[in-house]
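S.K.: The primary structure of each chain is shown beneath.
4 protein chains.
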Amino acid sequence: MTGNGFGEIFRVTTFGESHGPAIGCIVEGVPAQIPLDVSEIQTALDRRRPGQSDFTTQRKESDKVQILSGVFNGRTTGTPIGLLILNEDHHSADYAQIADKFRPGHADLPYFLKYGNRDYRGGGRASARETAMRVAAGVLAQKVLNRFIKTPFDITAGLIQVGKEKIETWDNAEINKNPLFCPDPLAVPRFEKVIRNARENKDSVGAVIEIRACGFPAGLGEPVYDRLDADLAKALMSINAVKGVEIGDGFDVTGLTGTQNADEFFADPTAPNGIGFKSNHAGGILGGLSTGQPIIARIAVKPTPSVASELQTVTAEKENTTVCTVGRHDPCVGIRAVPVAEAMTACVLADHLLRLRAQYA
Amino acid sequence: MTGNGFGEIFRVTTFGESHGPAIGCIVEGVPAQIPLDVSEIQTALDRRRPGQSDFTTQRKESDKVQILSGVFNGRTTGTPIGLLILNEDHHSADYAQIADKFRPGHADLPYFLKYGNRDYRGGGRASARETAMRVAAGVLAQKVLNRFIKTPFDITAGLIQVGKEKIETWDNAEINKNPLFCPDPLAVPRFEKVIRNARENKDSVGAVIEIRACGFPAGLGEPVYDRLDADLAKALMSINAVKGVEIGDGFDVTGLTGTQNADEFFADPTAPNGIGFKSNHAGGILGGLSTGQPIIARIAVKPTPSVASELQTVTAEKENTTVCTVGRHDPCVGIRAVPVAEAMTACVLADHLLRLRAQYA
Amino acid sequence: MTGNGFGEIFRVTTFGESHGPAIGCIVEGVPAQIPLDVSEIQTALDRRRPGQSDFTTQRKESDKVQILSGVFNGRTTGTPIGLLILNEDHHSADYAQIADKFRPGHADLPYFLKYGNRDYRGGGRASARETAMRVAAGVLAQKVLNRFIKTPFDITAGLIQVGKEKIETWDNAEINKNPLFCPDPLAVPRFEKVIRNARENKDSVGAVIEIRACGFPAGLGEPVYDRLDADLAKALMSINAVKGVEIGDGFDVTGLTGTQNADEFFADPTAPNGIGFKSNHAGGILGGLSTGQPIIARIAVKPTPSVASELQTVTAEKENTTVCTVGRHDPCVGIRAVPVAEAMTACVLADHLLRLRAQYA
Amino acid sequence: MTGNGFGEIFRVTTFGESHGPAIGCIVEGVPAQIPLDVSEIQTALDRRRPGQSDFTTQRKESDKVQILSGVFNGRTTGTPIGLLILNEDHHSADYAQIADKFRPGHADLPYFLKYGNRDYRGGGRASARETAMRVAAGVLAQKVLNRFIKTPFDITAGLIQVGKEKIETWDNAEINKNPLFCPDPLAVPRFEKVIRNARENKDSVGAVIEIRACGFPAGLGEPVYDRLDADLAKALMSINAVKGVEIGDGFDVTGLTGTQNADEFFADPTAPNGIGFKSNHAGGILGGLSTGQPIIARIAVKPTPSVASELQTVTAEKENTTVCTVGRHDPCVGIRAVPVAEAMTACVLADHLLRLRAQYA
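Residue numbers (the working numbering), protein chains in the order written: chain A, 2 to 362; chain B, 2 to 362; chain C, 2 to 362; chain D, 2 to 362.
If you're looking for bench data, these hints aren't it; they were derived computationally from the structure.
Glycine included, each C-beta is placed from N, C-alpha and C at the ideal position.
Misleading hints may appear alongside valid ones.
Mimicking EDC-like on lysine to aspartate or glutamate, the simulated pairs with C-alpha atoms at most 16 Å apart in a straight line are [said to hold, decoys possible]: (1) D:Lys279 with C:Glu311; (2) D:Lys319 with C:Asp269; (3) C:Lys165 with D:Glu265; (4) D:Lys319 with C:Glu265; (5) B:Lys167 with A:Asp47; (6) B:Lys319 with A:Asp269; (7) C:Lys319 with D:Asp253; (8) B:Lys319 with A:Asp253; (9) C:Lys319 with D:Asp269; (10) B:Lys279 with A:Glu311.
Every beta carbon over 10 Å from chain C, so not counted as near; a handful from chain D, in silico [said to hold, decoys possible]: (11) Pro32; (12) Asn88; (13) Asn179; (14) Val189; (15) Asn262; (16) Lys303.
Produce the entire structure from the sequences given, and follow the hints as far as they go.
M.R.: Structure follows, in C-alpha cells:
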C-alpha cells in the first residue's frame with residue numbers, strides 16, 4: 002500500500018534514487034512461458050535514455066538493465082521478474098550548492114517537510130530517473146498483451162504540443178524518426194525552435210503528449226472506481242511533471258452539446274462487434290469500460306523546474322536566498338516523458354486485460 | 002480489488018443499481034468515538050438530490066439514508082459503517098423502449114459487450130445514482146479530517162464553466178446561494194441561459210468544476226505511484242461523465258516557461274512552515290506531496306448523453322434504428338457533480354491523512 | 002485495507018453488529034449471467050441458524066436475507082451483490098448486567114482498550130453473528146466454482162472432535178443427518194453426551210472441524226506469500242473462536258520422518274494429470290499450490306467463553322468483580338462453525354480459481 | 002496482488018530463485034530518520050545462514066546483503082529500501098539428475114502443472130533460500146517497532162520439539178547458545194540425537210517452533226478479517242514446510258472446558274492497563290486483537306522432503322522411476338526456520354502497529 006507499486010495482477014513495484022547505488026523493480030503477474038530476452042528491455046530503455054540529442058539532458062546514463070529472476074532458459078517462469086540498473090554517472094558535486102536550498106517547482110520542500118531529511122542529490126526518489134523502471138515494466142506489459150490479444154494492437158504516444166506550438170497531423174511512422182517523438186514532421190522544426198529558445202533564455206518549456214491505444218477489446222475496466230479511464234488517469238498523473246490528464250475530447254467536451262458529443266452507432270459487419278461508431282469523442286471509454294474504439298488520452302507536462310535562471314527561495318533555516326540550477330537538465334521534460342506515458346498505458350491495459358480474463362476469459 | 006471500492010485506510014465500498022431495491026455502502030477506517038448523527042449525512046445528500054431546481058432532473062429521489070452499523074449511542078465505534086438508501090421512484094416503464102437499444106454516450110454498449118446482459122433501467126450500476134453513496138462517504142471523510150486537523154480547513158467545489166461561459170470571480174459564500182453551485186453570482190444568469198437553451202433544443206451541455214482544498218498539512222501523498230495528485234486524478238475521473246482532470250494550472254502550464262511556472266519561496270513567519278509561496282501554479286502539490294498551499298483541481302464534465310433528440314444507434318441484434326431519451330434527465334450533469342467532486346476530494350484527503358499518520362503522527 | 006473484507010478478485014466485505022439494525026455484505030467478483038435465487042442463500046443460512054437443536058443457542062434469528070443488487074431477472078449482472086439481514090431478536094436487556102464488565106475469553110477488553118468504547122450488547126462486531134454473512138458469501142463462491150469447474154467437486158466440513166471424543170470414520174452422507182454436522186454416526190451420541198455434560202456443569206466445550214475439498218485443479222495458490230495454505234490459514238483463523246489451523250497431517254507431521262511423510266508418485270492414467278499419489282500427508286498442497294489431491298484442513302475451536310458459571314473479572318473502573326453470562330449461548334460453538342468453515346474454504350478457493358484464470362485460463 | 006508481497010503499510014515484496022543471479026526485496030513503510038547500517042541486516046542473515054553446524058546443510062551461502070536504496074547518510078529516508086543478495090554457490094549440476102523427475106513432497110509437480118515449466122535447480126522460487134529476504138525484512142520490522150514502542154519488547158522464537166522429543170523449560174538466554182535455537186539446554190542433546198539418527202538413516206525429521214512476542218500494546222489487529230491471529234497464521238503458514246499454526250493453547254484448547262480456558266482478570270495496578278490476567282490460554286489475542294499479554298504462536302515444520310533415500314516418483318513423461326536427492330540438505334529444516342518465524346512475526350507486528358497508529362496514535 003505504501004505507494005511504490007501499481008497494478009493489481011500485473012503489478013510493478015520500484016525502488017531507488019537517482020544518485021543511490023541502483024534503481025530496480027519487481028514485476029509480478031507475467032504468465033510463464035513467454036520468450037524474453039534482456040535486449041528487448043534494453044532497447045526500450047535506450048529510447049528513453051538521456052543524452053541522445055541536444056534537446057535532452059547531456060547526463061550520461063548507461064541504463065544497462067539486468068534480469069535477476071523470473072526467466073529461465075529464455076522464457077518467463079511465472080515467478081516475479083527482478084530488474085536492476087546500477088547508477089553510474091554520479092555528478093553529486095553538482096548538487097552540493099543546493100543541498101540546503103529548496104528548488105521552486107521541485108519536490109524538495111514537501112519531501113523535507115514530510116520526511117525530515119532529503120536526498121538532495123538530483124531529486125533522489127523524486128527524480129525522473131525512476132521512470133526508467135516504468136519503461137522496463139512497459140516492455141513486460143506489452144509481452145502480456147501480446148500473449149493474449151491475437152489481433153493487431155498498438156500503443157503509441159507522441160509529442161503533440163510544445164509551448165504554444167501544436168501538431169497538425171498524426172503519423173505513427175514519423176514518431177521514431179525525430180528526437181522529439183513528434184508524429185507531425187512539419188511540427189518538428191517549430192517544436193525545436195521553441196525548445197532552443199527556452200534553453201538560450203536559461204528557461205524551459207511545457208508540452209502535451211497524446212497516447213493512442215488501438216486494437217483493444219471492449220470491456221476493459223472495472224466499474225465503478227477502477228474504471229479504465231480512472232486507472233489511466235492515476236497512472237499518467239503519477240508520471241513526474243504531469244499536471245493534467247484528458248480522455249477523448251477531454252476539456253474540449255465542455256464546448257460541445259450532448260448531441261454533438263454523442264458517438265452515434267451504426268451496423269457495421271466489418272467492425273469488431275458488428276457495430277460502428279460515427280465518431281470518437283469519448284476516447285474509446287464509456288462508463289469506465291473500453292468500447293473497442295481507439296483509447297485516446299492526453300497529458301500536460303509542465304516545464305522543467307530546474308532552470309539556469311536565478312529564482313527566489315529559502316534555505317532549510319528559513320533564510321531568503323536564490324537558487325540557480327547549473328546541472329544538466331532537459332529544457333523540455335515532455336520529450337522523455339513520451340516513452341514513459343506509453344509504458345504506463347501498456348501497464349494499465351495489461352493489468353486490466355488480466356483482470357478481465359479472471360472472469361471473462 | 003474488483004472495482005467497487007476506493008481508499009486504503011479510509012475505504013468506501015459501494016453496491017446498488019439505479020432501479021434495484023437499494024443502494025448502499027460500507028465505510029471503513031473511521032476512528033471510534035466521533036459523534037455522528039444520521040441527519041449530518043442526510044443534509045449532504047439533500048444537497049446533491051435531484052428535483053430541487055428546474056436545472057436538474059425532476060426525478061424524485063427521497064434519498065433517505067439509514068445507518069445500519071458502526072455507530073452506538075451517537076458515536077462511531079471503530080467498526081465499519083453500513084449505509085443504506087432504499088430506491089423508491091421507479092419509472093422503469095420509461096426505459097422499456099430503450100431496453101434493446103444502445104444509447105450513444107452511455108455505458109449501455111460496453112456493459113453489454115462485457116457482461117452479456119445489462120440492467121437497462123436507467124443505467125443500472127453505471128447510473129449517477131451511485132454517487133449518492135460517494136456524497137454520504139464524503140461526510141464521514143470530513144469527520145475524519147475534523148478529528149485530526151486542529152486548524153481551520155475547507156474543501157469547496159464550484160461550477161466555474163457551463164458550455165463556453167466561465168466565471169470571473171470566486172466567492173465561497175456564493176456557492177450555496179444558487180442552484181448551480183456557482184461561486185460567481187454574476188455568472189449565474191449566464192450559466193442559466195446556456196442550460197435553458199440546451200434544454201429547449203432537446204440537448205444538454207458540458208461544464209467545468211473546480212475544487213479548492215485549503216488548510217491541509219504538507220506531506221499528504223505517497224510517492225511515487227500513490228501521489229496525492231494521482232489519487233485525486235483517479236478519484237475524480239471515476240465520477241460519471243468526467244473526461245479530464247487538472248491540478249493547479251493544468252493544461253495551461255504548457256504555455257508557461259519554467260521561470261513563469263516556478264512558485265518561488267520566501268521566508269514568511271506567518272506561514273504554516275515559515276515559508277511563503279509567491280504563486281500557486283502547482284495547485285498545492287509538488288512531487289506528489291501536498292505543500293501546505295491550497296490544493297486546486299479542475300474536472301471537465303461532458304454534456305448529459307441522455308437527450309430528447311433523436312440519435313442514430315443499433316439494437317442488440319445489430320439493426321440500425323434511432324433512440325430518443327424521453328426520461329427525466331439533467332440538462333447539465335455538471336451541476337449535481339459538484340457535491341460529488343467535493344466528497345471524492347474529502348475521501349482522498351482523509352485516506353492520505355490516515356496514511357501519513359501511520360508513520361508520521 | 003481496514004480489515005472488514007477478504008479475497009482479491011472474489012471479494013467479500015461485511016458490516017454489522019449483533020444487536021444493531023442489520024448485518025450485511027458486498028460480494029464482488031461474481032461473473033455475470035449466473036442464475037441466482039435468494040432461496041439458495043437462505044437455505045445455506047438456515048443450516049447455520051441457531052435454535053435448531055438443543056445443542057445450540059436457543060436465540061431465534063430468522064436470518065432472512067435480501068439481495069439488494071447485482072441480480073437482474075434471476076441472473077447475476079457482474080456488478081456487486083449486496084446482501085442484507087435485518088436483526089430481529091434483540092434481548093439487549095440480557096446484556097445490561099455485563100455492560101461494565103469484561104467477560105474473560107471475549108473480545109470485550111481489547112475492543113475497549115483499542116476503541117475506547119464498546120458495543121456490549123452480545124459482542125457487537127465481535128459476535129459470531131457476523132459469520133452469517135460468511136455463509137451467504139460461501140454460496141456465491143460455490144456459484145463461481147460451479148461456473149468454471151466442469152468436473153465434480155465438493156467442499157465438505159465435519160465436526161471430528163468434541164472435547165476429547167473423536168470420530169473414527171468419515172462419511173460425507175452422514176454430516177447433514179445429525180445436528181452436529183458429524184461425519185461418523187457412531188460418534189454422535191458420544192459428542193452429544195460431552196456437550197450435554199458441559200451445559201449441565203454451566204460450562205462449554207471445544208471442538209475440532211475438518212474440511213475436505215475434493216476435485217479441485219492443481220495450481221491454485223500464488224507463491225510465495227499468497228500460498229493456498231497461507232490464505233486458507235488466514236481465512237479459517239479469522240473465524241470466531243478458532244485457535245489453530247492445520248493442513249494435511251498438520252502437527253502430526255512432526256512425528257514422521259521425511260520418507261514416511263513423502264507422498265510418492267506413480268503413473269496413473271486414470272488420475273487427473275496422469276499421476277497418482279500413494280498418500281496425502283500434504284493435504285493436497287505443496288509449495289503453496291494445490292496438487293489436485295483432496296485439500297484437507299483442520300481447525301481447533303475453543304469452548305464458548307460465555308458460560309453460566311461465575312468467573313473472576315474487573316470492571317472498566319478496574320474493580321474486582323465476577324461475571325456470569327446468563328444469555329442464550331452455544332455450549333459448543335464448534336457446531337455452528339462447521340458451515341462457516343465450509344464457506345470460508347469455498348471463498349478462498351473461488352478467489353484463487355479466478356486468480357489462476359487471469360493468467361492461465 | 003500476485004503473491005510476492007505481504008503487509009499493508011509495512012510491506013515486503015521479494016523476488017529471486019535459489020539458483021538465479023540474485024535474490025532481493027523491496028521494503029516499504031519504514032519511517033524516515035531511523036539509523037540503519039547494513040551490518041545490522043548482515044548479522045541477522047548470518048544467524049539463518051546454512052553451513053554453521055553439522056545439523057544444517059553444508060551449502061555455502063555467503064548471503065552478503067547490499068542496501069540499494071532508502072538510506073542516506075546512515076539514516077532511512079522514508080523511501081523504499083531495496084535489498085540484494087547475489088547468489089554465489091551454484092552447484093546446479095547436483096540437480097541435473099532430477100531435472101526430469103518430480104521430487105515427492107516438493108513443489109516440483111504443482112509448479113510444473115501450473116506454469117508448464119520449472120526451474121529445477123534447487124527448488125527455484127520455491128526454495129527456502131527466499132526466506133533470507135524475510136529475515137532481512139524482519140530487521141527493518143524490528144526498527145519500526147523500536148521507533149514507536151517506548152517500553153521493552155521482545156520477539157523470540159525457539160525450537161521446542163524435534164521428532165517426538167520436546168523441551169521442558171524455556172529460557173530466552175539459552176536460545177543463541179546452541180546451534181538448534183533451543184530454549185532448553187537439557188533438550189539439546191536429545192534433539193541432536195534425533196537429527197543425527199535421521200541423517201544416518203538417509204532421512205529427515207520434523208519439528209515444532211514456538212514464537213513469543215512480549216511487551217506489545219493491546220489493540221493490534223483489525224477485526225474481523227485482518228485479525229492479528231489471522232495475519233500471523235497467514236505469515237507463518239507461508240514459510241516453507243510449515244503445515245500447522247496455533248495461537249495460545251491451540252489444538253489443546255479442545256480438551257479444556259470454557260471455565261478452564263477462561264483467562265480471568267483481576268485488578269493489578271502494576272499491569273500495563275491496570276488489569277492482570279490469571280492465565281494466558283488465549284496466547285495474548287482475543288477477538289483478533291492483542292490484549293497486552295505475551296503473544297504466543299507455534300508452528301509445525303515438516304521433515305525436509307529432500308532425503309538421500311530412494312523414493313518412488315514419475316518423470317514429466319509420466320513414467321515410473323525413483324529419485325534420491327544427493328544434494329546438501331538440512332536433515333531438519335525446522336532449525337533454520339526459527340529466525341524466519343521470528344522475522345515474519347516481527348513483520349506482522351510492525352505492520353499492525355503502523356495500522357493502529359493511523360487512527361489511534
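S.K.: All hints, please: hold or fail.
M.R.: Hints, one by one, checked against the model:
Distance restraint check for D:Lys279 and C:Glu311: the Cα-Cα separation of roughly 15 Å lies within the 16 Å cut-off, and the hinted pair is therefore satisfied. Between the alpha carbons of D:Lys319 and C:Asp269 the distance comes to roughly 8 Å, so the proposed pair stays at or under 16 Å and holds. A threshold of 16 Å between alpha carbons decides the hint, and for C:Lys165 with D:Glu265 the separation of about 23 Å lies outside it, so the pair is violated. Among the hinted pairs, D:Lys319 with C:Glu265 is consistent with the structure: their alpha-carbon atoms are about 13 Å apart, no more than 16 Å.
Taking the CA atoms of B:Lys167 and A:Asp47, the gap is about 45 Å. The hint is violated against a cut of 16 Å. Between the alpha carbons of B:Lys319 and A:Asp269 the distance comes to roughly 8 Å, so the proposed pair stays at or under 16 Å and holds. Proximity of C:Lys319 to D:Asp253 is assessed by CA-CA distance (about 31 Å); at most 16 Å being required, the pair is judged violated. For the hint linking B:Lys319 to A:Asp253, the alpha-carbon distance of about 31 Å lies beyond 16 Å, and the restraint is violated.
Of the pairs offered as hints, the one joining C:Lys319 and D:Asp269 holds, with about 8 Å between alpha carbons and a cut-off of 16 Å not exceeded. With a C-alpha separation of about 15 Å, the suggested pair B:Lys279 and A:Glu311 falls inside the 16 Å cut-off, and the hint holds. Residue-level check passed: D:Pro32 sits 18 Å from the nearest beta carbon of chain C, beyond 10 Å. Its beta-carbon lying about 17 Å from the closest one in chain C, D:Asn88 satisfies the requirement of being farther than 10 Å from that chain.
With 10 Å as the threshold on Cβ separation, the claim that D:Asn179 sits away from chain C holds: the shortest Cβ distance comes to roughly 19 Å. Its beta-carbon lying about 17 Å from the closest one in chain C, D:Val189 satisfies the requirement of being farther than 10 Å from that chain. Distance check for D:Asn262 against chain C: the nearest CB is about 5 Å away, which does not clear 10 Å, and the non-interface claim fails. Chain C draws D:Lys303 into its interface by the beta-carbon criterion, the shortest separation being 4 Å against a cut-off of 10 Å.
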